[in-house]
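Chemist: As a plain string of letters, each chain reads:
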Amino acid sequence: MKIRKPDLFQIITYPAVIIVFAIFISMLITFLIKSLPAFDMYGFNLYAKNVWIAAENPDNEKYGILAAIWGSIYTSIIAVGVALPLSIGYSIFVVDYAPKKVKNVLIILSDVMAGLPTIIYGVWAVFFLVPALKDNIMTPLYDTFSFIPLFSEPSISGFSIMSAGILLSIMVAPFASAIIRESYQMIPFKYKEAAFSLGLTRYETTKLLFGYIKPAVYSGMILAFGRAIGETVAVSLVVGNAFNLTANMLAPGYTISSLIANQFGNAFIYGHMTSVLYASGLFLFVIGLGVNLLGIYKLRRWRKNVEI
Amino acid sequence: MEKKTMYMGATIAVIGIMVLAAVMAGWVGNTGSNNNSDNGTGSTIILRTTGATFPQYQVQKWIDTYQKSNPNVKIEYEGGGSGHGQDAFMQGLSEIGRTDPPVSESTWSKFEDTGDMPLQFPEVVGAVVISYNIPGVGDIKLSQDALVGIFIGDIEYWDGAKITGQNPGINLPHEKIIVVHRSDSSGTTAIFTTYLSVINSTWDKQVGAGKTVQWPTDDMGRGLGGKGNPGVVSTLKQTDYSICYTELSFAIEESLPTAYLENADGNYTEPTDSSIQAAVAGVSSNIPPPDKGYSENLKQLLNAQGNDSYPIVAFTHMLVWKNIDGKHYTHDDVTAIKDFMKWVLTDGQKPENLAPGYVGLPEDVANIGLSAINQIQG
Amino acid sequence: MSKFDIRKIKEKLFLVTVAALAILAVFPLFHIVFTVFYEGISTIMATGPTFITGTLGEGGIGPAIVGTLMLTLLSSIIGIPIALAVGIYAYEYPNSRIGKITTTLLQIMLEFPTILVGLFVMQLIVIPMGSYSVIAGALALAIIMMPYVAVYTAESMSQIPFTFREAAFGLGVNRAKSVFMIIAPIAKRGILTGLLISTAKVAGETAPLLFTAGGLYQSYPHSFTQPVGSISLLIYTLVQSPSIADHQMAWGAALVLMVIFLAVFIPIRMSLKEVKL
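Protein chains in written order, with the numbering used here: chain A, 58 to 365; chain B, 19 to 396; chain C, 12 to 288.
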């Protein structure tokens, strides 16, 4: 059999594709291999316990990152929960109501927000958002609703799971908005026409149409969740960095990425901490992979259905 | 503006910025390498010192002063805590490591595994102080029991009996005590928790001592973490009714109140130059030779005897490589490192070069550092 | 009649809610831009031009600015050629198995936690080299940049009508030529946009540099194998300090970073219709 000589196109593009795959796979392998000692040592407890004892005698070291996992998930859920109404309202307003000029401006603003360096969000949050939330939101919440476990303790400093969640919601809302807005725009005009001709008001029409793009809204939420859980510097500046396993969102907490940012610089002098942090990274890796795959898959399937 | 023009403009701007960066980088690089080939005269040496933030103000002051008379040496200060200092030093990411507590024996052997010999010596004396943020309240006194009680979480409110007992004239509020501690691997934490272990066996058993410990107050929702002494102090300032431990200089720089602490003789002392000096004078410090740094005893200055001694005083240390076979430094690096360290241990210890909140080394201790410098090869 | 009224009220309420939410979604941006500008400008005015050109000891962030530019430049040099080729590949084989996997992989990498990239590059380069370096920082940024560039490239090329391809094949042009010499140049506007937006994006990144770049603020960087600072890293350190002077410096540095970002991002964004982030 004759082997076909690769053409110029293949010679140029194949190596690049191989490089990208190689980077991704070697990252996965690096995190796996580096995590193994931690799994050997602590087993599943690493993800199921909340303990952080760094001792210079490796026998006394004990780690369990449950508080950080909990914090990552908790802050991201708050983020998505707050971002969702914002992005739905934004999408409806931009597509249905805004005049063309306002519409363009709103879209550009949202894109700028999506690209703005995260450290700038961080500076702003530390000096403005956190104190403002503490005085205007958290303290009243505790005063009024302290019987609900979510607000059972007063906020100490403002640096808390809630602050991180709200900051993240501001940061991920543009991503969710972009996906929801694009999907909402893709709805064929004939559906809208039909709704109006039935005598439905705009509110009723929108309600109807949003049933139609539900899958896109879900994937927007999922992708926003993926963004939120991976964010590092802005979160580490506001989350409080305490190993705290609590339902109270006014209390300080930790997130996985913040844990890595804070501890990796001193991990090497300890016997197991480096490996534990790689295992934490692996957890984030897998969660990110799963969440994003799910979101991408859902969105693709929905788009395909619409196009048919 | 027409869109196309705008678009072109942006492209040109970016390309312009990039070319500028390339030119600048190339230009700086060229001058750097040209000078290097001039056999040292006028070449710029960049050194990096990383780790403990306990001596931050002191080290920054030394760097500022030293650079003024030695413009060809640029010293990059990096914080990150004693743990990060030992870590970066071990990996060769930083020329001069800084750590408050002496390096432990296990970490010391990791250093030696690199094939080079680490040298450790005290650079300056400092004190861990207890600062607090209670609006309108200052000058509080804390007994040993009260101090342990606060940090172990037994004393929940500022008006707890153990606190008010020593502070009759002060109107302490019925507010929860928030404990601010370090989130990174920290020498300040090691000094403070070692002190608590020395004075209280319950603390020793329940929490223990180390660069990181599990703070009992975290589980009670009354603990907050800050990165480095700067992070702790900035959290304290933003949090009413909080308390923290930090280096004296941070309290001075940020005008924070410091608590009077009960010392070994039962007297309440404020952290000042004289009460720190009293603590250093009260013990005959026993510093091992620089190549046996791990055998130094952190406890020797803690809870020192003496009427006026402040109880939480410690040496903070520098780490440098012996540079066997030129493993870590070039010849130029060595010249600069030796000169800088020699200056730190001699002129640097003079009152005009000390930052507020630090006390110079006793001469015999400084000499240990000078002997370390002579061992550096290359 | 009354039912109609309720519907009308509902309709009004709906409009108000939707408009309020839309405004609330973008309002933080105004507040951020205003605050950073207001706080930052007073710092810069107080220090004068030294703030841009001086070292940290002199009260300036010059080395950080140069560091950011060096990192961005080198990461573009490393990342763009590879990303372009991958993007073109993804455009050429949208339906093959590997083509589909490639597209999915790019989208996953687009969303990937950036701190993990930093950890990976530290293991790969910093530890073996025994030093933080421009190269390590730039490689981390390049890995983050690649999927953006590739996705933009593939999307803007796929918008070129297929008739151009047909015409090229009709003239007997081979595949490499038709893709690289005909389709890519037609799509160059979209591709360039992708490049610039990705560049602006990585210029502001912090997390991937935490364990790769190291930081250098007392002197200007002069070598690609030595540690380097960046504006974003410097801000991260300054924000965590208790000193007011450091906070002011952080605001000033944030303003510089924001201006660099907006100066690149806004003109490009305004010149095209849709953007994928």
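Among the hints, a few may not be true.
Unchecked claim - Subject to a maximum C-alpha distance of 30 Å in a straight line, what follows is the list of computed DSS-like cross-link-like pairs (lysine-lysine):
| # | chain 1 | residue 1 | chain 2 | residue 2 |
| --- | --- | --- | --- | --- |
| 1 | C | Lys-21 | A | Lys-160 |
| 2 | C | Lys-199 | A | Lys-264 |
| 3 | A | Lys-157 | C | Lys-199 |
Treat the hints as calculated values from the structure; they're not laboratory data.
Chemist: Are any of the numbered hints broken by this structure? If so, which, sorted upward?
Modeler: Violated hint: only 2; rest satisfied.
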